[in-house]
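Got chain X; can you put chain P on it based on the hints?
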Amino acid sequence: MTAPTATSSIPTTPTTRAEAGSGITFGRVLRSEWIKVTTVPSTVILIVITLVVMIGLAAVVAWSLGLAADAAPPGAAFAVPSSGLAFGQLLIASLAVVLVASEWGTGMIRSTMVAVPGRTQALVAKAAVIAAISFVVGFVSALGSYFVTQPILDAQGLGFALGEEGVFLSVVNTGTFLALVALISMATGTLLRNTAGGIVTVVGVFFVLPVVLQTLAGLADWVADVGRFLPGEAGQQMVAVSTTDGALSPLEGGLTMAAWAVGLQVIALVVTKKRDV
Amino acid sequence: MIEAQALSKRYGRKTAVDTVSFTVQPGRVTGFLGPNGAGKSTTMRMIMGLDNPTGGRVTVNGRPYAAHKAPLHEVGALLDAKAVHTRRSAYNHLRAMAATHGIPNRRVNDVIELTGLGPVARKRVGGFSLGMGQRLGIAVALLGDPHTVILDEPVNGLDPEGVQWVRHLARDLAGEGRTVFLSSHLMSEMALTADHLIVIGRGRIIADAPIQSIIDAQSTARVRVRAERPQDLLGALAGDGVTSQVLEPELVEISGVEARRVAEVALRERVLVYELTPLQLSLEGAYMQLTRGEVEYESRSLSNTSTLASTEGR
Chain X
930 MTAPTATSSI PTTPTTRAEA GSGITFGRVL RSEWIKVTTV PSTVILIVIT
980 LVVMIGLAAV VAWSLGLAAD AAPPGAAFAV PSSGLAFGQL LIASLAVVLV
1030 ASEWGTGMIR STMVAVPGRT QALVAKAAVI AAISFVVGFV SALGSYFVTQ
1080 PILDAQGLGF ALGEEGVFLS VVNTGTFLAL VALISMATGT LLRNTAGGIV
1130 TVVGVFFVLP VVLQTLAGLA DWVADVGRFL PGEAGQQMVA VSTTDGALSP
1180 LEGGLTMAAW AVGLQVIALV VTKKRDV
Chain P
58 MIEAQALSKR YGRKTAVDTV SFTVQPGRVT GFLGPNGAGK STTMRMIMGL
108 DNPTGGRVTV NGRPYAAHKA PLHEVGALLD AKAVHTRRSA YNHLRAMAAT
158 HGIPNRRVND VIELTGLGPV ARKRVGGFSL GMGQRLGIAV ALLGDPHTVI
208 LDEPVNGLDP EGVQWVRHLA RDLAGEGRTV FLSSHLMSEM ALTADHLIVI
258 GRGRIIADAP IQSIIDAQST ARVRVRAERP QDLLGALAGD GVTSQVLEPE
308 LVEISGVEAR RVAEVALRER VLVYELTPLQ LSLEGAYMQL TRGEVEYESR
358 SLSNTSTLAS TEGR
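Protein chains in written order, with this note's numbering: chain X, 930 to 1206; chain P, 58 to 371.
Isolated chain X (complex conformation) (with noise of 0.2 Å):
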């Protein structure tokens, strides 16, 4: 540390220090935020309720597409193993918002920032860390959906392969869609700071505006426009097997929701540099 002051003659360097090379690394600051997401039972009990939600919604779905097959609409099954996205989107937008929020409501965040007072790395490492568990939570109950449902399609001559165009694509895609939806709502409830608040926001922005939007359609060009690039609209096209005219391709729409999650985590990040804690 320092030099030894004057008026201590006392050696200021205590015994048991860390050896030298201790201190912040991103690394660490990973490491103890994947520590800290893992140890909070809401996360474990929100992934599981997600998978089984998930996985369980396609198998109803094939199931009841099974029992229409004829009156079904060509390429419907394809969007079977996706069938609980909607549902995925609400569990894991809640869960990123509780990991976040609930450090500043019980105000864990103090110590956060104590232990990493340059914050950027704790909030860029929470960010990563919730995002991960997104994909996978995403990735596989897509693909677990689509293991779950081709048993019950092949039944109906329904089936499809994971090597058919875009269907690979869009199992990996329910995982950065989900992905991205975290990183929306982390950053919601970052500014937020409040469980209830933020969660009430994210429904607002991803479930409630679009058909608010829809509604209002009607009105005016722009209108359509405006709710075809909300973060919501324009990612769930990445999940989209075949897409209709006129929509965004899976990459404009992966981009799109990509620019709203990047956007919010630098306001949110910006902000929590500057606030007292």
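Honestly, the hints are just simulated from the structure, not real lab data. Where a beta carbon is used, it is the ideal one built from N, C-alpha and C, also for glycine. Hints may be right or wrong, so weigh each one.
Stated by the list, open to error - Under 10 Å between C-beta atoms, here's a sample of chain X residues computed to sit facing chain P:
#, residue
1, I953
2, S971
3, P1046
4, K1203
What follows is chain P alone, placed relative to chain X:
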């Protein structure tokens, strides 16, 4: 070592900390004393980089806290025992804190043992008593084996055994040459623990001096006298720096004079004295006097402060 220079914090129109400057030296326990709401916690939060100062600056071991590469090894702080996620266990909380600096689990177990958290370490913090919460906060503060330890009201909610333990801990840490900065609103607590006192009132430093010199500076000799003709006695005693207060017809309190001198004068003047009690101003009394002064005669107390501050620390 902690150095604050003209440190200020304003919330809207309210000034919580008003251009304070002080130095907390290593190798001794420095008490940070003031009534509730005086600005102690705000000052400590600014030291730890949680609150941004409105003006001035504060450094720890030569740098702003956030500029250290391994801040937990430089400074350990208990600012708020509730700064923990209530659904996480104490052990996992410590593990998460330790991970940021690559501090091994061995050290986590050490601080759990040191703070007596063993039996509850795997339980959720939400169910902790205030005392257990304080112990966890102290465990976090010690995690990085820091040069400087900052404890905000550490004995709050502790049982008598815990209070003693904190006193010994603070003394031991200072004895190892560390900087120990400890806040309290209780003078009696400080009297038992601190070597040096920084007294704050209404966001300003009122006194910054060794604990003994604060008592000395505030306690002029006072004597309580019951006598038959107190006016005669007071007349004979009148002189430089002697003031008196008549409490009852035959009861007076005289300041600025020793009991023996009162007795001598009474003997000479042939005044019957039937009580003569020297009054010792306790540390508590000195504190009350200091903080009362801050409220009533703000500018005068402050000028006293600066002489105290400047004669000290050499």
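Quiz prompt | Given hint I953 of chain X near chain P, where the shortest CB pair must fall under 10 Å | solution = holds (6 Å)
Quiz item: Taking 10 Å as the limit, does the beta-carbon of P1046 of chain X come near enough to a beta-carbon in chain P?
Solution: This interface hint holds because 4 Å falls under the 10 Å limit.
Quiz item: If you take the shortest Cβ to Cβ gap from S971 of chain X to chain P, is it below 10 Å?
Solution: Holds, about 7 Å.
Quiz prompt | Minimum beta-carbon distance criterion (10 Å), K1203 of chain X to chain P | solution = holds (7 Å)
Comparing the model with each numbered hint stated earlier shows that all of them hold.
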